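Trainee: Build out the structure end to end from the sequences listed, making use of the hints.
Protein chains in written order, with the working numbering: chain A, 3 to 259; chain B, 3 to 259; chain C, -16 to 252; chain D, -16 to 252; chain E, 98 to 426.
These are calculated hints, taken from the structure and not from any lab test. Values in this document were obtained by computation on a predicted structure and should not be read as measured data. Every residue gets a Cβ at the ideal spot worked out from N, C-alpha and C, and that includes glycine. Any given hint could be a false lead.
[Said to hold, decoys possible] If you want the footprint, here are the derived chain D segments under chain B, 3+ residues with CB under 8 Å:
1) 141 to 147
2) 161 to 169
3) 235 to 246
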Amino acid sequence: MSTLSFRNVWVEFGDQVVLERINLEIASGTFLSVVGPSGAGKSTLLHLILGQQRPTQGRVLLDGKPFPAEPGPDRGIVFQRYSVFPHLTVLGNVLLGYELAERGFTARLLGEPRRKAIEKSLALIEAVGLGQHRDKYPSALSGGMQQRLAIAQAIAKRPRVLLLDEPFGALDPGTRAQMHALIKPLWRDLKMTIVMVTHDIKEAFGLATRLIALDRTRHDPQAPERFGANITYDLDLTRDSTVPVLGFTKAEAEIRP
Amino acid sequence: MSTLSFRNVWVEFGDQVVLERINLEIASGTFLSVVGPSGAGKSTLLHLILGQQRPTQGRVLLDGKPFPAEPGPDRGIVFQRYSVFPHLTVLGNVLLGYELAERGFTARLLGEPRRKAIEKSLALIEAVGLGQHRDKYPSALSGGMQQRLAIAQAIAKRPRVLLLDEPFGALDPGTRAQMHALIKPLWRDLKMTIVMVTHDIKEAFGLATRLIALDRTRHDPQAPERFGANITYDLDLTRDSTVPVLGFTKAEAEIRP
Amino acid sequence: MNVVPGRGARIILAMLPFILIAIIYVIGSAERRAANPDDKLLPPVSEMVVTSKRLVAEPDRRSGDYVLWTDTAASLRRLALGLGISALAGLILGIAIGLLPVAGAGFGTLVAVLSMIPPMAVLPILFIVFGLGELSKVVLIIVGITPMLVRDISLEVAGMPREQLIKAQTLGASTWQVAIRVVLPQIMPRLIKCLRLMIGPAFLFLISAEAIAADAGLGYRIFLVRRYLSMDVILPYVAWITLLAYLLDLALSLIGRRAFPWAYEQEAR
Amino acid sequence: MNVVPGRGARIILAMLPFILIAIIYVIGSAERRAANPDDKLLPPVSEMVVTSKRLVAEPDRRSGDYVLWTDTAASLRRLALGLGISALAGLILGIAIGLLPVAGAGFGTLVAVLSMIPPMAVLPILFIVFGLGELSKVVLIIVGITPMLVRDISLEVAGMPREQLIKAQTLGASTWQVAIRVVLPQIMPRLIKCLRLMIGPAFLFLISAEAIAADAGLGYRIFLVRRYLSMDVILPYVAWITLLAYLLDLALSLIGRRAFPWAYEQEAR
Amino acid sequence: EKKTEFNIAWTIYVGWMPWPYAADSGIVKKWADKYGIKINVTQINDYVESINQYTAGKFDGVTVTNMDALTIPAAGGVDTTAVIMGDYSNGNDGIVLKKGQTLADIKGQKVNLVELSVSHYLLARGLSTVKLSEKDIKIVNTSDADIVAASKTKDTTAIVTWNPQLLEVKSEPGATLVYDSSKIPGEIEDLLVVNTQTLKDNPDFARALVGIWYDTIALMKDTGEKGKAAREAMAKLSGTDLAGFESQLKTTHMYYDPKDAASFVTGPDLVKTMDLVRGFSFEHNLLGEKVTSKDAVGIETPTKTLGSAKNVKLRFDPSYMKLAADGKL
Ligand SMILES: Nc1ncnc2c1ncn2[C@@H]1O[C@H](COP(=O)(O)OP(=O)(O)OP(=O)(O)O)[C@@H](O)[C@H]1O
Ligand SMILES: Nc1ncnc2c1ncn2[C@@H]1O[C@H](COP(=O)(O)OP(=O)(O)OP(=O)(O)O)[C@@H](O)[C@H]1O
Ligand SMILES: [Mg+2]
Ligand SMILES: [Mg+2]
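Mentor: In structure tokens form, the structure reads like this:
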């Protein structure tokens, strides 16, 4: 239904080549994990899909057609530095998604629809474990709590494509497991496409149906900025057979520089 | 030489009790890992040691004497939201530590001392893998790169107490291993006291000489804010015997809510 | 930097410079009086008190008005109108210019240029267009402070974290919705801060407008009695204006704190 | 919001409102001339050009000066002095008040109150204290804009992320070092932004000062010919002032971009 | 005390333009050198500010009208002496109506003028001739610099002002000059006043001033090329051209001859005028808020002292003009 294609995409910041020759097809419904060393360009890849960043060369296509350059409600995002709206409470942050969708002019809900939206928001807030903090402003939340709020906000609108940039990085293993349990059924039921950047190899393998690793393959010691990263591994995790039983240690070892 | 003591410390934000009845002695030279669920008050504990936060009740003592309320050069910090100075380049950020120490009035170095300080800074920048990015401003760095810069900055001055709030959260396993290899000898050689908050149980056990877990023990369903977290586990990791060989799975399981 | 004075010390510290200024004034005034018993430039406090009492409590010989109150009412009405309209215009134009590249290109330069035109110098044209009545006084305030408000707010909007705008769009917000649900509320504390800074200039323009053509108002009275250097009227009036402005400033700051608590977390050190 | 006009379109959009205003002026001027051939209020452009040429290129018969240039030189010197001193004072006081709770308690209220005193109302006192020479003109600019600068900068300093100050202290910085190595450089872009906003008011105060006591300067000339309603002199002067101010604004903005590239990353969308 | 350096301030007005011309053309220096002193002639753009600065002690002398000399420095306790009676307004101040042909038509209109100035006095004098009082009109204080612009707006129908603004205002289509100062000759006088104490200690200062003045206005009166050049320079200084300046000069009664000036000061008309002026000033609270009678401030003229003899603050002294008349400078 909505296939994302990267056709020979390059991204450069000034002199520095960050991504080079990226060719990638992401089928609808894929849960794609992206791993790679710090600074490889994982976030940049997400920004390309979001429409926040334009490729220097090459094209990003949606179902074969040029990409809508503006971020839209079909794509949800959790940024690496989990940014929530500082002027809204926890409830307000989640509710905003519903309000923006339903009403054009004032972007506010009233009466029954509002009650319903609040109900849905509260359920979501409860699910990410912020139930007792619903009236706090983000500045009074801990790092992990802000991250969970950003997740709740991003999934509230059930976008067709969900982009997650190290979404569980600031969470303890217990909370992290809860989040996995929240995301996985959502992805399955709604047939979302999810692209998740993570540094937790276990997580990458555990959740995804496909895994790519970004890294530099060429290196010029004189001008280290001349070459960018591209895709070094591309594993299909649905066919159980390709992943060895003790599998991820191998992949992990190879991703290390 | 410098023992940190918490004597019946409480921290409250308005109505909410965050930490309650914290009693803790941290001996000089300890590498203390702090684990616990998101929102338990781990960062708050660090802020107490830093002097950024005052306890609502109880006292924090240094060698039995009341605590200097101001942050000073004896304590280094890597904040959870790794904050580096946006107006300085990578090199400038690390160099600043040397400059602030050596000269009073202008806080600038010239000539030979400057050359030396730059040399030291560059070595450190190289060690955290930012060698080729030395002239970039933080806004042009990826999340993991900013985090590494914050680490380099914090250890440049070799503080007696180093406070790390999820310092490796945004790093891939490879880079993370490099950072471990950087911190560990430093701690050993300089006899620093390190307090590190982390969510990676393997890391917590792997690096530390002592591990504490923060969590709520009491719970009032009507008023969930009434009770704060306190120390639920306190493991001495130096005596190898107390940690079972397959050990951390047990601890990990118990910390989960 | 870490030395935080207590509540009592804080009040004393705040009072100190005022007391100093008062002492300097009293000495200066006494000296001038010693040289010339009719000196009008620095009248002693006692004289100012007498004059103030008359202005506040006695009807004027000629018009029968309680001068201070009619003046204050006239001026405050103009000020409120001017500030209100400016705030509205500043908000709308500022957000448009800061948020929409097209508006920024179209109006950005215009506003930058307009903000540089000294309004006093083109007064004749303002008179012709807006007449000489109440309107032109309000217009002078608006013309004087709106460009600054617009520029400050548009710079602030343009400096908002891009992530937030993108985030809002991924939540389905149209440009209009981004403006009213994300940008507007976050810019309001800035508007209030900015309005607080603009109270001074607003009074300045008001006074200038009243100096030029009026028959009541605080500025009218000041410039009227300036003709015979009645500092015993001018100084209480200036003090009164300053007090009014300071109260307005306090009120705005309180409103800001009440309405936008999230914006003041940082300040609470 | 995502529609970004290209370079050409941007220039055309920026020109559009100016062209519109020019057209309205020409029509208005022609209409008034048709009604009254001696109208002085909206002189036709041709007349302004003739007058401007005279002001620019013909030496004054009495003094042999080129009027426009002597006026400009006199005014710009005063303006530069006034802005420079204000910037310095604003920086020092602003950082002190924003950073040090003790200074904040001691001077914060004073500055807030001072910023509310309309300088025009106490002009006689200013003139008497500072004389009628160059000094008092510069002083009016300083008195007029410094309090606003101080307040804006101190609010900005107080709003800086606390983490940064703490971080600097853990790196061994004294309060003084925090001020000059962390706060000062980060506040500089804000100072420049603020100075850009203050160019308009600075010119306003300059013109007001020159209107009262001067024998050269742009404001002096405007008020000199105002009695005769010689808009053919006033309008070119106003345009010239606006151009000067706009160029100053551009220059400041360029300096800011050059000197503090890190502060403008965000803007580059 | 005895001084060698003196400051006088002037503002732009047709009757005072000799001062800057004298400064530019070296006449000031000539006379100052003669008496071994130095005189700085400073232009102040704003008339009221110049008087205020004189009152505050920043200047030793200032150009001023008789009414303002009484209400500002004298009422402010600064003992002031008029040493030069330069001219009187003989049509330089006027009332212009845009609606109506005679002064009586002013009834019920809004009148734009500089409140409490000589314009106000002229209006009061005019109203009394048509049996009206200030209650019958509404006064809108309008600054002198903006009154021309104000007169161009629709809601302005009546204006009282002086030259050069008056010339602009009355040339407006449909405007009628219904009353002017030629109806009250000698009542609006343009003076040069100096601080009495300074004068007492330094009579040479006044001698030099008088010398400068009559040298300069002799040039101004000159009908030849030299006179024209002088008037042209003065016109330029006041921001207009020769024609504009001369038309203002026409409605100004200059006392070119020091004898005439001195005899006007010694005559009885001055007493009558000053009595009217102090009456007006008292009624409008211009002598101070606590003053209970118009006698509070004493005015000394050669013929008679008006008001409190103990508190004489304004003096008219013809002796220096007489010296000039007698050629004894
Ligand atoms: N400024 C504040 N005002 C009010 N409450 C606060 C404030 N700062 C922290 N809190 C509350 O204190 C609690 C503990 O916060 P803290 O940041 O110490 O958690 P943490 O253990 O570091 O969590 P995480 O692992 O998510 O970073 C949270 O419930 C948070 O809501
Ligand atoms: N605005 C920018 N200007 C210049 N260079 C940039 C900019 N943003 C990113 N970069 C560079 O692009 C490279 C990739 O950045 P990116 O944020 O995509 O890395 P990442 O893979 O997400 O790393 P991490 O795991 O640390 O978050 C980095 O070397 C960074 O320096
Ligand atoms: Mg990243
Ligand atoms: Mg934390």
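Trainee: Does each hint hold? Answer for all of them.
Mentor: Okay, the hints, checked on the actual structure:
Counting residues of the stretch 141 to 147 of chain D whose beta carbon lies closer than 8 Å to any beta carbon of chain B gives 4, which meets the minimum of three for the stated coverage. Only residues whose beta carbon comes within less than 8 Å of a beta carbon in chain B count, and the stretch 161 to 169 of chain D has 5; three or more means the coverage holds. Note: the stretch 235 to 246 of chain D has 4 residues with beta-carbon separation from chain B under 8 Å; the three-residue rule is met and the coverage holds.
In terms of the numbered hints stated before, the structure departs from none.
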